[in-house]
Structure formats: C-alpha cells, structure tokens
Amino acid sequence: MKEIIVIAEHRRGELRDVTWEMLSKGRQLAEGMGADIEVALLGKGVNQLAEALKPKAKRVLLIEDARLEAFNAETYNKVLTQLITERKPFLTLIGHSATGMDFAPRLAAHLKMPLATDCIGIEVKDETFSLTRQIYGGKVNAEVSFTKKGPFMVTVRPGAFPVVEKEALAGEIVSIPSPLTDEGLARRFLEYVEAAAGEVDITQADVLVSVGRGIKEVANIPIVKELADALGAPLACSRPVVDKKWLPKGCQVGTSGKTVKPKVYIAVGISGAFQHIAGMKGAGTIIAINKDPKAPIFSVAQYGIVGDLFKIVPVIKNKIKAMKK
Amino acid sequence: MNIIVCIKRVPETTDADIFIDKSGKDIDKSGLVFDLNEWDTYAIEEAILLKEKLGGSVTVLSMGGEDTNESIRKCLAMGADDAIRLSDPAFTGSDGFATAKVLAEAIRKIPYDLILAGTQAEDDGYGQVGVTLAEFLGIPHAALVNRIEVQDKKLKAHRELEGGLEEVVEIDLPAVLTIQTGINEPRYVSIMGIRKVAKKEIKVLKTSDLNLKPEEVGAAGSDIRLEKVFLPPVGEGAEMLEGKPEDIAAKVFDILKDKGGLT
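Sequences listed follow chains V and R, in order. The first sequence: position 130 = 130 (the numbering used here), numbered continuously. The second sequence: position 124 = 124 (the numbering used here), numbered continuously.
Just so you know, the hints here were simulated from the structure itself, not pulled from any lab data. Worth double-checking, as some hints may not be accurate.
[As the list claims (entries may be wrong)] These stretches of chain V come out as covered by chain R in the derived footprint (C-beta under 8 angstroms, 3 or more residues):
hint : region
1    : 22-32
2    : 72-78
3    : 128-141
4    : 182-190
5    : 249-258
6    : 271-285
7    : 310-318
Glycine is no exception: its CB is placed at the ideal position from the N, C-alpha and C atoms.
This is chain V alone, in the form it adopts within the complex (with noise of 0.2 angstroms):
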C-alpha cells in the first residue's frame, strides 16, 4: 500500500494550521491514487495532539523522546531518516514554515530524494506530481515537475490549500521507537524568545492603517501616520518597513509579524508578498494605495486605488478631518 506522510508542525504544545493545511490536501491525494494519508508527530508528552490527529488520518506515527520536545532540525532530521527509510511513502508532505525550511532541504538530500519547495498546487499526474510555485515574489506562477521517480517531499507554503471538512477517519495511533541517543549535538536548542511588545497593540484596533515599501524613505512616513491620525488608528506596516528599522518591530503585520483582524484595513504603498497578506486577510474590509495596478494586494482588497499615495493620501487625510468635524 502506498503512503503520504504528513509531517506534524507544532509549538508549545499546538498543532500549528499548516498541519491541518497538509492532512486535507494530503488526503484528496491519497484518496486519488489509492494510498493511505498518514501523520508523524515527533515530540514529548504530546498525545494530545496525538488524539486530536486521528480523525484526519489512517495511521498517527508517534515518536516520543524528551530530546524531541522543541524541535530541533538535527534531531527531526535523525527521526525522520529513520522513519522514511523503513516506511518508504511515496510523498512526504513538510510545511514551508519557518519550522520546514530549516529541516527539509537538508533531509530531502540526506535521502537523496527529489525536493519541490513552497508549493501551492500539488496534482497526481501519473507516477509523479506536476506542482505549482510562486516566483518572483508572487508576480508568477511556475509549473514544475520531478525529472527523477519517486518516492519525492514536497513543503507545502502555509494558507495556501484549505482545509476541507471530510468525514473522520478511524486513525491509529502507532508509537514508533525513538533512534535518538544521548549522543551530542552540533546544534542546540536554548530558548523561545519574544518580539518586543509596541507601545500600541494592532491586534486590537478596529481600524488599520498599514504603510509598505511605497512609502520610499522614512522621512514620508509621516504622511501615512496623519492619516492614521485623522481615523484614530494605529500605523501598522508590512516587513520592509521593519527591516530598514523605520517602525518597531511591533507594527509588523505578516507572517512573521501579527496577525491582524480589523474592520477596516487600509494598505499604503504595500504589494501584497504573500507573508503580509496571510497576516490580513481576514479583516473585514481592505482598501488598498497602489501605483502598480497588478500589484498582488488588490486580489485581496476589496477596493483598490492605482496611483501615487503622496498624492492621493493627503486628499483623504484632509477629507476625513472635515468631515469629522
């Protein structure tokens, strides 16, 4: 019989949602060629993730180890060598998270096993996949396939297939021996740290006003913050503004930043990369500023503006305070 294995993501005793992510796409595949859809959770005390996994797949592959309790891309990676080996599925399934990029290139060429990265379509198209990827920072899309036979990995990028409600599988839980030995590392994990609070918390704001690399220079970024000003909201802002150190790290709307959910979310001079829009896309009405008019941003907006901010901001800055009056 044929297997998927998806490998669970998890942090701090969650199941993280790319996993689900993973688990729905996996199953539409295994059920189009006649595999069985499976998990591997690797970790310390987590069955209950464990129990929370059975429903999404046939079998639950569960390897505990108190040297698997935070993740570490070196011992993953034992565990994983180990368990691919013997089981052999024909596809793996890793999330293209900050998690996967740091172990599955590394294992996929320990396995000498054909790797396809931050994919956002995957289809069965014979013995082998065809799969899509996004290059050019999301401006085009790329079909790619393997030039080798399988078995292949494949990291899936976060958000990008849903999770398909399916009727529950009876999954079981299988407890599968730890390779791990007290032999040393050559690498460490010491500790989680967080991102220094804001002084303001965006998360919480019914309105957002959100600037990006259109801005140019933080001398303009006063002309964003008036208008942030007139709606009584805060500046938020998408990942280049952070990088060149002109807001704090705190205003962060992305991926890698805050997750956002506010009534309206207005983006200024921002192209919509992917790891900003998976960070608002589910406020409830976007407006988004920008000069180029096939900039990503405006497939998630719901009204779009193609032009200059410095001139266009302004104008609405003044609007709105005189119609507040």
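On the provided structure of chain V, position chain R as indicated by the hints.
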C-alpha cells in the same frame, strides 16, 4: 574568523511590469534592472560586521555568468576580501539542489569557519540552497537567522519563527546560517566605492575545476524541471475607485462610514 558568503544576482521585479517570454518558461528580462538579492545584501553585511569585530576574511561566492561580476563587485565594495564566480554552460538550469552541490564543491577548497547565505532568493524563492549546502558539507546549520553572537568555537543564533517569536539555538562551528532580512542595516555603496574594486580579481571556476561531472550539475543534475510559467489568475479583485483625488477621497470616506471605519 573566515567567512564565505553565497550570493546571487537577481532581476528586480517588485515594481516592474512583468511579461512572459516566448519560451513560456521564464519572464522577459530584457527591460529589467538586476541587483544583489535582497537577503544576500543582509548576509554580506553580517559577514563584514563579524569580520570587523573578530578579524579574518570574507569570501564572496556566486554561481553565474559574467553579469554576476556586478553584484560580486558590490560585495567587494562593501568590504569583502576575495571573490569566486562559478561559471560553466553546464550549470544552466540548476535548481536549488544542483546549485547547492556546485557551491559545496567550491567551498571544499577554501578554509572557513562560517558560511552565510540569504534565506531565499527573490527570483525562484526555493529557500533551499543554504540548508542543502550544510548537508553536502556535513556541518550543522540554522535557517532564518536574525541575530548572531559568536562565542569561540560556537555561536548563538536567533531563528525568526512566526508571529514575532524567535528560537535561540547554539551551534558548533563551522556551520551554515541562512540570513533573514532585517538582521542589520546594509551599508550604502557608492559608485566610487564600486570603481575602487573594479580591478580586484574575481576567480572563475568551472565544472572541471570542481571535481564535478556535467551530468551532476545544471538541468541534468536537478530534481525539478520548470515546465511553464504564467501570470497568476486574478481573483474577483478589488473594485477600483477612480477619478480625481477629491472624488476618490469622498468614496473612501463613504466606505469607511459604511464599514465601521469611523469611530
């Protein structure tokens, strides 16, 4: 501390109009401006900061044609000491796996304590080369690093996770780190600065210099093949507000009023 930094020259597409070329397998790059990959700009800056603090040297390594010299010279102007370009028609079509293989063979010939690479490239976005390179070299790695503290024969690296969380790991040297944007503030390089390094030697190595066979590199040595590229399907898309700025502002005001944006 001797540091090797792997870099890539990429087309700048953020603000550009993109068209698919006749082959249907890539974009038309004729009108595009090329520059050092954004992630690599932070990687080279980090290497130079470490060199300034701890001594040693920084070697820039890149796979690419003669055009790549432009980005290599930018790194030299920033403060890198040596440069190697890996160039061979056989490298054409390399995916992340094949690229890492070529880089690994070049690195085996150089003494090093630390290897830095950008977390991913702006163009193909594999996010795979640095971590794969560590496997080929048999040394530890950490991906998505946004802070480094070197301590003798090891270092502490902060890995950027989701939601503002960071993971601190301790890692023995030599190691590979993939660098995340925002780790530092890359220095500005003037045209004068680039002119000053115009004559600096960039060593060129090809397949036969690297103990590699042509079938191990390029498209032949790759795991994946690009079949076609296309512009992403546009969703329902936004309702576009048009007119004079005053008219647009009035429409925005109405939307804000309607959707709970005015408090």
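Hint check:
no. : hint    : result
1   : 22-32   : violated (count 0)
2   : 72-78   : holds (count 3)
3   : 128-141 : holds (count 11)
4   : 182-190 : holds (count 5)
5   : 249-258 : holds (count 7)
6   : 271-285 : holds (count 3)
7   : 310-318 : holds (count 5)
Violation of the numbered hints given earlier is confined to hint 1; every other hint is satisfied by the structure.
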